[in-house]
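**Q** First to last, the sequence lines map onto chains A and B. Using our numbering, the first residue of the first sequence is number 15, and each one after it goes up by one. Using our numbering, the first residue of the second sequence is number 453, and each one after it goes up by one.
Some clues are possibly wrong.
As a list, the in silico EDC-like pairs of lysine to aspartate or glutamate whose alpha-carbon atoms are at most 20 Å apart [said to hold, decoys possible]:
no.	chain 1	residue 1	chain 2	residue 2
1	B	Lys-583	A	Asp-309
2	B	Lys-569	B	Asp-824
3	B	Lys-1214	B	Asp-1242
4	B	Lys-583	A	Glu-408
5	B	Lys-1310	A	Glu-408
6	A	Lys-150	B	Asp-1242
7	B	Lys-467	B	Asp-543
Keep in mind the hints are simulated off the structure, nothing from the lab.
In case you want the letters, here they are:
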Amino acid sequence: MPWRLLRFGLSKKHPEPRMFDAPDALKSSYDVVIIGGGGHGLACAYYLARDFGITNVCVLEKGYIGGGNTGRNTTIIRSNYLTPEGAQFYDKSLELWKDLSTEFDLNLFYSNRGHFTLAHTDAAMRTSRWRAEVNKHYGIDSEVVGPDFVKKHAPMINLQCGHHPIMGALYHAPGSVARHDAVAWGYGRGANMRGVEIHQRTEVLGIDTKGGKVCGVKTNKGYIETTKVLSATAGSTPRILKMLDIDTPIFIHPLQAMVSEPLKPWLDTILVSGSLHIYISQSSRGELVMGASLDPYEVHSTRSTLDFPEGLSAQMLDMFPFLSEVKVMRQWAGMADMTPDFAPIMGKTRIDGFYLDAGWGTYGFKATPISGKTMAYTIANDKPHELITAFSSERFKNYELTGEKGAASVGH
Amino acid sequence: MRIAPQASEIINRDKSVTFTFEGKKYNGFEGDTITSALLANGVKILGRSFKYHRPRSVSSFANHDMNVIVDDVSGQYFIPNIRADVTKVKDGMKLKAVNTFGGVEKDKASILGRFSKFLPVGFYYKAFHTKALFPMWEKMFRTMTGLGNVDFKTPKIKTSKDYGFCDCLVVGAGVSGLSAALAAAENGLDVVLIDENPQIGGSINYTNIPNDLIERAKAANIRIFTDCYAAGYYADNWVALVHKTHMTKMRAKTLIVASGAFEQPPVFRNNDLPNIMLAGAFLRLLKLYSVKTINDAVFLVANDYGYEAAKTAIDYGINIKAIVDLRSGDELPLLNDFIAKNIPIYSGSCIYEAESGKDKNVIGVKIHEFNDGLAGALKAEIACDGVVMATGFAPALNLLYQANTKMRFDDARSQFIPDVLPNSVFSCGKLNGNYTYETRAIDGEIAGINAVNFVKNSKIKLPKSLPETQKPNHPWAIVEHEKGKTFVDFDEDLQLKDFKNAVQEGFDNIELLKRYTTNGMGPSQGKHSNMNGLRVLARLTNKTPFEVGTTTARPFYHPVPMKHLGGRGFSPNRVTPLHSRHGDLNAIFMLAGNWQRPEYYARVGVTRQNAINAEVMAVHENVGIIDVGTLGKLEVIGPDAAEFLERVYISKYKGLKTGMARYGVACDETGVVVDDGIIARLAEDHFYFTTTTSGAATIYRELSRLNMIWGLDCGIVNHTGSFGAINLAGPNSKKILGKFTDLDLDDFPFMGYREAFVAGVKCRIIRAGFVGELGYEIHAPALEVHKVWDAFINDGATPFGVEAQRVLRLQKGHIIIGQDTDGLSTPYNAGVDWAVRMDKPFFIGQRSLKIINSKPQKQVLAGFVLPKDYEGAPPQECHLIIHEGEIAGRITSITKSPKLGQIIGLCHIKPELAQIGHEIKIRFSDGTFVAANIAQTPFYDPENLNQKGVA
Ligand SMILES: Cc1cc2nc3c(=O)[nH]c(=O)nc-3n(C[C@H](O)[C@H](O)[C@H](O)COP(=O)(O)OP(=O)(O)OC[C@H]3O[C@@H](n4cnc5c(N)ncnc54)[C@H](O)[C@@H]3O)c2cc1C
């Protein structure tokens, strides 16, 4: 047992302070107001304080921290994207991830499992090769492997997969999972320690501007004066943007997931199948975490549907017939903020002092560290960080999309 | 121990079953659950707890005993995570407790209990994260967590689904559910009544309420499903009913939730010892299974139900050593019966702790004063061999939460109660805070009549509800103990102090608390722990339970096996009408989307490559045929048909002459190419057209959507499945076609369209060619297309497969959508810019394409060739083109053309590198390079003379 746990046995009182304060009231003004206490908002607050010494910051969260998509996602972390901009951006995120537990002194259960994107058609094999080649070009560890290699790492898999035999896979060794909630807590604690205020159950109701510049924020707990506001509200982004009449091509689609009852460990890797539209990994608690692609329609709600566990189970049993007797314990949904090209929208907007971090759809958990860091830079310098220039909202106007759909539609 | 037979039991003593548990053999009776059979055999420890591996036994006996979970290893494959409390024992079962290290009796991991001080709430967040060591620790964690094992030998099990409909679905067949179902059925509704237990009646079966509800329900016109639970509520009263064997998807006009309440365990030190159980478990074991595990009982109560249970205990000759009532003064009921029997009653008291003996069973309790929710001085120490507890319930509101019901907290009843229900959903019984027989029965009737009024739009008068006098739920059945082991969540082994410490660390709202402590995240999903967790948090933060609020109750109510969810598993496997013909010709099949298509036709003694080459050459030199029946085949008919196509496709169709066809490309709003095909005009108002194989379903759906939005006067028909299609191609195609048709082939121009009989089958024929030789695309009804195919085959046409077609089309530089285009390709970077017609008012993507066309392109499509003498392995599709160390493009298609004797291909490349003759560098996966040259396309027959039949 690690010695660090000794203190818990030795002291009479639980020797742990609050991870984050619960301030009573809002101040009348802040240098920066961050809307959304998900991973992204908290990470941005953390880096603003740590890297730029900007600490007169508040994070406003209408529910509880991490309660949005941060606490609902299936925690796949990878950087095997298709576009050069995407691959390099996510790879930087991976670098940050690796040290995060140490940096926070909080175990995020960042677990390197290896990530397979299975290919059942030669079209999928082609995309795998494309991604592998782009990845390698940027020093990212990805390669196309054959069915034998898949079998070696997931010996129990049914390579025949119903009518969709596995022809090979894109293998991405750095693929990992982590404990999602802890990521929000770690960033929250780190930011709070450096002076950032976190206000839960505080909802932003409006944003005031004067002469094209942000001047204040209305909340259910009072008014705040500020000149810089970041929206990191994922599924609620359209509602925030409506307050400012900003148009983006963001559509909200539900994304669902489910977990099984806990089982003894049998699956080490993360497996994604684009053809079957499914993915699976096993959490450190032994639950099988399973998901699929987006619901095909726009809905601003987190309701679950029955056809989701039905369809997902049917496909999953093609790949792993032996799960027939395994029981699904829980299903849930999040609101994914989708863009047409499956890449995020980050950076400045036409309103001075209003910054946007959105369009994270089905893939933003892995980007938490790097989006926080680059958004902090962007806000501190009022200039987009070089890693995110390809993600500006201008790209839609200019027809310069960052086509990431091929690498992001199923394998979040 | 099993007691003498009695009327209320549901076991069949004539049929004994033999099974093993942890390697030891036991007998039980048919009808026994695993737990009841083991207890009847005197087995004390039925399982181990999740974290500290403490010995555990029955607690709820109601599907939440998450520490008594077993794997059945008897069969061909074993079955994991069986809930012993509610699963019937079967002859020959071989059961093993899950998650033990060395068996249930001597679980080595129980040593962890001694270290519990060092393992506070969330301890795993606070250590084990040294980078180098984490993988090792994680392995350990993964081994320690998890319950049952999966058996890789388990076959794929398919169960079929039922689709049910009813006027009124009643969930729960207890007193209120039965009353509701009867009221609804007697007023003419088609009622389905379900219960998760093997018999209807709920508590009627094990309490002493004389009534005839069960008999009446059985006699009434009610469809009754027992052993069936409602796993989830979905929009519009769509309820997943899970049976042992399958799932029913029930669409109910009205839903009555009468799912009762979960008994809640009081919290005190060692409240988890074997033979400390909830009153319901005690009663059901006695009455339904004739199993008595307690001789000297202590009752811990705070409601009438507890005293009812105590009376039953007396009836069964159980010695009651003490009744401990958390309440005092006028909260107490009349206790004369017990006083008369000299049973000591400790009111205003609590059990402060329980103690265990050698066999780990409870052997005694310490009774303390209990004031304001705090334990006071010791009152008595009492020896016993069992504790029965009845201090409160938590309503089973799960389905109602899923149905978006607004709840309120009722202080008098100390429970949540539905406040605003969706219309067509009703609740009754304990959910509404009713616990006596009469109030439940009336409440059920009210719900039943409400359902009737809703369905029939009638105004039947509702019976008058009765006021509930009972207060069955103690607001604070929780006793702190400085030494801990005060369990709140048994699934996860969470103690009271874990909650305190979590709140101290800032996890002071209900959701954060749940996530940090994992309260309610185990397999029972908090059925016995959420309410206590909430009460603890309310007290710690000085809030009311209502202010604290609940966490979201998500499906499922109980876990659902994947075999029932997956059902029969519709994994589509599509074959064309000619599939058997291909088989007869030794086709090797490949998957194209969901379709099985011939990749090539194997020839004896010939390699794959040579077989493909021979097919290619047959098309060039003689005549070949390929099955193209997988293409999407659509028709648009009506006065606005031409207008419709003009809006969808980038070219023009209004001027297309009847009897002619034209290539079509469709884009999305952003100008990205999404599909292509050939569009033929059959009449002024009638077009027939193809889509790509992979796009067929999506395009049809999208066109239907657009048609609805635009409201044009035309309709779309999908013929993809009803037509087969063949492409007949090669210099001799005209000759061979002529043999089987009367059609004047000399009056059939390139890109013409005709209808004619071929081999006696009425066909639609387009003179087009994807493969670069004179050719005809012949569409015929699916049931008859084989006649056409057979005619040509018998006349010597060579069948060719997808591979040969790929070579042939690549020689012509024809693109395949999705291969030579990607998610960003517009017509300008896909080499089909010639098809864009800006001189029409509108088509989808037009506005975008105008803007895109005004800027320089970043990528264009170009042909390339490798030197003729290149001997090495060819590069592959998606290998990158590298220029000055940077990615400059990628190969989208590549093949070796037997006709040209050279490797040819298409690539996406930066326009400045795309001049004919320019040398490009292609990088292999291993980092080595090969040089190629940009070349003009088509590579073969650039003037299209062959295709046009001029050559
Ligand atoms: C089922 C599912 C699976 C996923 N799987 C993966 C995966 O495997 N890998 C991956 O990388 N990504 C995955 N994602 C995506 C990922 O979860 C998200 O992109 C990411 O968590 C977004 O983080 P965020 O901090 O931007 O948003 P969130 O965590 O959603 O935080 C936004 C916060 O803003 C708050 N808010 C909204 N409006 C207001 C307001 N007016 N005032 C105050 N606060 C407000 C919300 O309450 C919320 O807490 C998945 C998503 C889902 C739903």
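**Q** Indicate, hint by hint, whether the structure satisfies it.
**A** Quick rundown of the hints versus the structure:
no.	hint	verdict
1	B/Lys-583 <-> A/Asp-309	violated (38 Å)
2	B/Lys-569 <-> B/Asp-824	violated (28 Å)
3	B/Lys-1214 <-> B/Asp-1242	holds (15 Å)
4	B/Lys-583 <-> A/Glu-408	violated (40 Å)
5	B/Lys-1310 <-> A/Glu-408	holds (17 Å)
6	A/Lys-150 <-> B/Asp-1242	violated (50 Å)
7	B/Lys-467 <-> B/Asp-543	holds (10 Å)
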